[in-house]
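Going line by line, the protein sequences match chains A and B.
Sequence positions in the first sequence follow my numbering and run 1 to 232.
Sequence positions in the second sequence follow my numbering and run 1 to 475.
Source of the hints: derived by calculation from the structure; they are not laboratory data.
Ideal Cβ positions, reconstructed from N, Cα and C, are used throughout, including at glycine.
Do not rely on the hints blindly, as some may be mistaken.
Just a few of them, taken from the derived set where beta-carbon distance is under 8 Å, the chain A residues facing chain B [as the list claims (entries may be wrong)]: (1) I10; (2) P20; (3) H34; (4) L99; (5) W104; (6) G142; (7) T148; (8) E171; (9) M188; (10) M194; (11) S200; (12) R201; (13) D204; (14) H214.
Estimated spans, in silico, between C-beta atoms of each pair [to be verified]: (15) H171/B / Q100/A: 39 to 45 Å; (16) V24/A / A126/B: 50 to 56 Å; (17) V24/A / A34/B: 33 to 39 Å.
In silico lysine to aspartate or glutamate, DMTMM-like type, Cα no more than 20 Å apart, as pairs [what the hints assert, rightly or not]: (18) K3/A / E76/B; (19) K23/B / E206/A; (20) K35/B / E59/A; (21) K3/A / D89/B; (22) K3/A / D90/B; (23) K197/B / D121/A.
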Amino acid sequence: MSKDAMLGAIRRGLRRGPLPRDQVLGLQARLAAHPRHLIPGRSRVARPEQIALFIRNVEKEFGSVVRVPSPAAVPGAVADYLAAQNLPPSFAMAPHPELQALPWDERPLLQRREGKAVASDQVTVQHGFAGVAETGTLMLPGGPRRPTTLNLLAETEIVVLRASRIVGAYEEAFDLLRAELAEPAGGMLPRNVMLVTGPSRSADIESTLELGAHGPRRLHVVLIDDDDAARA
Amino acid sequence: MLATSPAFKENAAHAMADAGLQKALARTRPQFPAKRAAAVANLPEFEQLRDIGKGIKDHTLAHLDFYLETFAANVERAGGQVHWCSTADDARAAVLGICERVGARTVTKGKSMISEELGINQHLEAHGIVPVETDLGEYILQLRHEPPSHIIAPAFHLNREDWEESFRKSHTDLPADRVFHERRDILTEARTRLREKFLAADVGITGANFLIAETGTSVIVTNEGNGDLTQTLPRVHIVLASIEKTVPTLEDTISLLRLLARSATGQDFSVYTTFSTGPRRAEDVDGPEEYHVILLDNGRSAMVGTEFQPMLRCIRCAACINHCPVYGTVGGHSYGWVYPGPMGSVLTPSLIGVDQAGQLPNASTFCGKCESVCPMKIPLPNMMRHWREREFERHLGPQGMRTGLSVWAWFARRPAMYRLATRVAMAGLGLLGRRRGKFSSLPLAGGWTEGRDLPATEGHTFFARYAREQRAGRA
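Could you put together the complete structure from these sequences and hints?
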C-alpha cells in the first residue's frame with residue numbers, strides 16, 4: 001500500500017521507526033499551541049495609523065476605499081460608487097445579518113438579490129470578516145452568510161467592512177477566525193477562507209500587469225468608521 | 001512528461017539562436033530581480049523571516065511522517081479524501097478514477113507543476129476527458145501544445161504576437177480580422193472564453209502551495225482568481241500536492257507566505273491566498289461536493305536523510321530561476337523537463353535520475369546568486385556539486401571530460417608536479433602569446449576560443465608571484 005511505503009521510506013531516510021510516544025505528544029502540543037513567529041513591525045502602530053496603513057495598502061494594490069461614518073451611510077456609498085463607475089444599480093448581496101440590517105430601502109433604485117453569485121452578475125456586495133493592515137488584505141471566509149462565489153464571478157466586488165475589524169497582522173485575523181468560526185464548529189475551519197489583496201490580475205502577457213484576469217476587475221471597500229479609537 | 005534533459009547542450013544552442021525567445025528573455029530578465037529587491041527592501045525583517053522559514057521546513061521534514069498522517073486525518077475529519085500515491089502512475093490512476101466515477105467530461109485546471117510532472121492532461125485526454133488549463137499562461141501553452149518554461153510565469157518565453165496568432169488560430173468562431181489594440185483585449189478574449197469552461201466543468205484540479213497538518217487544509221496562491229473558480233464551481237475538487245508541501249500550523253503557513261510572494265513576483269502578498277478544508281458543508285450555498293487530495297511522493301521520500309533533503313524546503317517561488325544567468329540566457333525549455341533553472345538542476349536528477357538529467361547540474365556558473373536569493377536558504381550550488389560528483393562516480397559524463405578531470409585530479413593530488421606543470425605551461429603560453437597578447441585558438445580550449453580570445457599569460461604562475469612578493473614584503 002502506498003501509504004505504508006511512503007511513511008516507511010521517510011522513516012528509513014530519517015533513520016528511525018515511528019516516533020516514540022513522548023515525541024508525538026510534543027508535536028501535538030505544538031499543534032495545539034500553534035505558536036506565532038516573528039510579526040513584522042510595520043503593522044505594530046497606533047489604531048488610527050493601522051487603519052490608514054490598511055487603506056494605503058488596498059490602494060497600492062489597485063483597490064479603492066471609501067470611509068463612511070455609520071452603517072446607515074452604506075447604501076448611499078454603494079449607490080454613489082456604482083453611479084460613478086457607470087455600473088447598473090443592481091447587485092448580488094451576501095445574506096449576512098449586518099448587511100440585511102442596512103437601510104437599503106432609502107435607496108429605492110438599488111436592486112439587490114441575496115445569495116450566491118451567478119454568471120450574469122455584474123456587481124456583488126460581500127461582508128468583510130476582517131481586514132489586515134499589513135498588506136491591505138481582506139479575510140473573506142465562505143459559508144452560508146458569505147458565499148464564496150460573490151468574491152469571484154462579477155467584474156466588480158464591493159466589500160463592506162467595519163473599521164473595528166481591521167487588525168495589524170494576518171495572525172490576528174486568524175485568531176478572530178479561530179475564535180468566531182472554527183471553535184463553534186468543533187475546531188474545523190470554514191470550508192473556504194479567501195485572503196484577497198486587490199482585484200484580480202495577470203502578468204502572463206509579456207510580464208505586463210493587467211487587471212481583471214478571471215476574478216473582479218474592481219475591488220471597492222466601504223469602510224464603516226465604527227471604532228472610536230481608530231479615528232484619527 | 002518525456003525528458004529532453006540529456007540534450008541540454010543542443011537545446012541551449014537552439015535557444016540561443018531563437019530570436020523570439022531571446023527577445024522575450026531580454027525584456028523580462030531584469031524585471032523580476034528589481035521587483036523582488038524592492039519588496040525585500042520594504043520589509044526590514046526579511047532576513048530574519050528567511051531563517052524562520054527554513055526552521056519551519058526543517059522541523060517539518062524531520063517529522064514528516066507525523067505531519068502527513070495528521071494532515072490526512074484532518075482532511076478526513078472535514079469530509080475529504082486523501083489518496084497516498086507513491087508513483088506518478090498511482091497518482092494518474094487516482095485522478096482518472098475519480099473523474100470516471102463522477103462521469104466527468106471536462107475538467108478545469110489551476111496551475112500546478114505536479115500536474116506537469118504527472119502529465120495529467122495527456123492521461124485524461126487518452127481516456128476521453130477534456131482538460132482545460134485556466135491560468136492565462138497555461139491556457140495559451142495548451143493551445144500551442146507547449147510545456148511551461150517557468151514555474152510561476154509559464155508563458156515567459158512568448159511575445160505578444162505569439163498570443164495574437166494562437167488566439168486567431170484557436171478561437172475560429174470569432175471574426176478573423178478582429179484587432180487586438182492592447183494586451184487587455186487578449187486578456188478579455190481569454191476571460192470570456194474560459195468563463196464558459198469554468199461554468200461547464202465537472203471536476204476542478206488545482207495544485208497546492210501548502211498543506212496544513214493542523215487543520216487538514218490545502219492552500220493555493222494565485223493572482224488571476226482562476227484557481228478559485230476552478231475549485232469552487234465544479235462538483236468535485238481534486239488537489240494535486242507532493243508530500244513536502246506539508247507545514248504544521250496556520251501560523252507556520254503565514255510566516256512562509258510572507259516570504260513567498262516577495263521572493264516570487266515582488267508583490268507584498270498575492271491577490272488570492274485561499275484556504276480549502278474539505279467539501280461543501282451542509283449549510284453552504286456554493287463549493288464542491290467532493291474534496292480529494294492526491295498526496296504524491298514520486299521520488300521525494302528517497303531524498304529524506306540524504307544530502308539533497310534541503311531541496312524539500314523549496315516553496316517554488318522561482319527566485320533562483322529569476323536570478324540565474326544561465327536560465328536568463330537559454331530559457332526554461334532547454335532544461336528539458338518540468339523544473340528549470342537552479343532548483344530544477346537539483347530536483348530533476350532526484351526525480352528522473354542523474355543518468356537522464358546529469359547535464360543540468362553542470363549548467364551552472366556557480367555564481368551563487370540562486371542561494372543568496374532563496375527564501376528557504378537552500379544551498380543550491382553545493383547540491384549541484386554533489387550531483388556532479390555522483391555523475392563522475394557513475395561514469396556518466398563524456399569520455400573527454402572524464403579523462404580531463406582524471407588528468408587534473410592526478411596533478412592536483414601531487415602539488416610539486418602541479419606547480420611544475422603549470423610553470424611549464426604558463427611559461428610556454430607567455431612565450432607563444434608574447435607578440436599578439438592573446439590567442440584566437442588553442443588546443444583543448446576550442447570551447448573557450450570559439451567565442452572570444454584567451455588573453456596570453458605573463459609567463460609565470462600565481463604561486464611564483466605570490467612567493468616573490470612574500471619575500472619582497474619580508475625584506
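- Message: Check whether the Cα positions of K197/B and D121/A lie no farther apart than 20 Å.
- Response: Judged against 20 Å, a Cα distance of about 17 Å means the pair holds.
- 20 Å limit on alpha-carbon distance, applied to hinted pair K3/A and D89/B: With Cα atoms ~15 Å apart, K3/A and D89/B stay inside 20 Å; holds.
- Task: Would you settle whether the hint for M188/A is holds or violated, based on the nearest Cβ-Cβ distance to chain B being less than 8 Å?
- Result: Where the cut-off is 8 Å and the nearest Cβ of chain B is about 6 Å from M188/A, the hint holds.
- Item | Pair hint K3/A and E76/B, alpha-carbon separation not exceeding 20 Å | Cα-Cα ~15 Å, so holds.
- Does the interface hint hold: is H214/A within less than 8 Å of chain B, judged Cβ to Cβ? Since the shortest Cβ distance to chain B is 4 Å, the answer is holds.
- Message: Please check whether R201/A passes as an interface residue: C-beta within 8 Å of a C-beta belonging to chain B.
- Response: 5 Å, holds
- Task: Confirm or reject the claim that V24/A and A34/B have a C-beta distance inside 33 to 39 Å.
- Result: 47 Å, violated
- Message: Would the hint linking K35/B and E59/A be met if the CA-CA limit is 20 Å?
- Response: Holds: K35/B and E59/A sit about 18 Å apart, inside 20 Å.
- Item | chain B contact restraint on D204/A - CB to CB distance below 8 Å | 4 Å, holds
- Please verify that hint: W104/A, Cβ, nearest Cβ of chain B, below 8 Å or not. It is violated, given that the least Cβ distance between W104/A and chain B is near 20 Å, above 8 Å.
- Message: Just to be careful: measuring from the Cβ of H34/A to every Cβ in chain B, is the smallest value less than 8 Å?
- Response: 4 Å, holds
- So, G142/A near chain B? Judge it on the closest CB pair being under 8 Å. 6 Å, holds
Going through the hint list in order, the structure does not satisfy hints 2, 4, 5, 16, 17.
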